[in-house]
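Let the sequences and hints guide you as you build the complete structure.
Each number in the working numbering comes from the position in the sequence shown (counting from 1) with 1174 added on.
It is possible that part of the hints are untrue.
[To be verified] The list that follows gives simulated cross-link-like pairs (lysine-lysine, BS3-like), each with its CA atoms no further than 30 Å apart:
1. 1290 to 1300
2. 1310 to 1279
3. 1290 to 1279
4. 1310 to 1300
5. 1310 to 1290
6. 1300 to 1279
No wet-lab data here; the hints were simulated from the structure.
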Amino acid sequence: MIILAIDPGTVQSAWLVWTGSSVANHAIEPNVELIARLRQRRGAIGWADCAVIEQIASYGMPVGAEVFETVRWSGRFEEALYPVPVHQLPRRAVKLHLCGSARAKDANVRQALLDKFGGRAAIGRKAAPGPLYGIKSDLWAAFGVAVTFAETLDTMA
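As structure tokens, this is what we get:
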């Protein structure tokens, strides 16, 4: 199954296409550009079987305007992807699946993904890029969402 994973943001979002064994394409781009890409099914996005968006959750804590803006963009992404099936996956589920703890930080998630896919060799370098070459910052969150969704798909309702 080819999965489009999105880590939404207020102004820009990270997305990647996961084939189940490699990252086919990825970018961090302005939300307005991502919306256009989704609507036109441009590039690798066009052949995704489904999409999964990191779900926003506050767990009882107060939230501000940035959180509501991110939620708004998540909904716009889902609408733009129609008729592709879209799922939401909370960050907590990613942390629990990859790290075994809901208290894990972004660095722990990144390290768990590196460990799973071969350590630093999975990133490689410009002269000899690995399968995760170019994954950085918010792309790690999108990658965690893709991997968790793929590995737990059978347990989701």
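Quiz prompt | Those earlier numbered hints the structure runs against, lowest number first | solution = Of the numbered hints, all hold.
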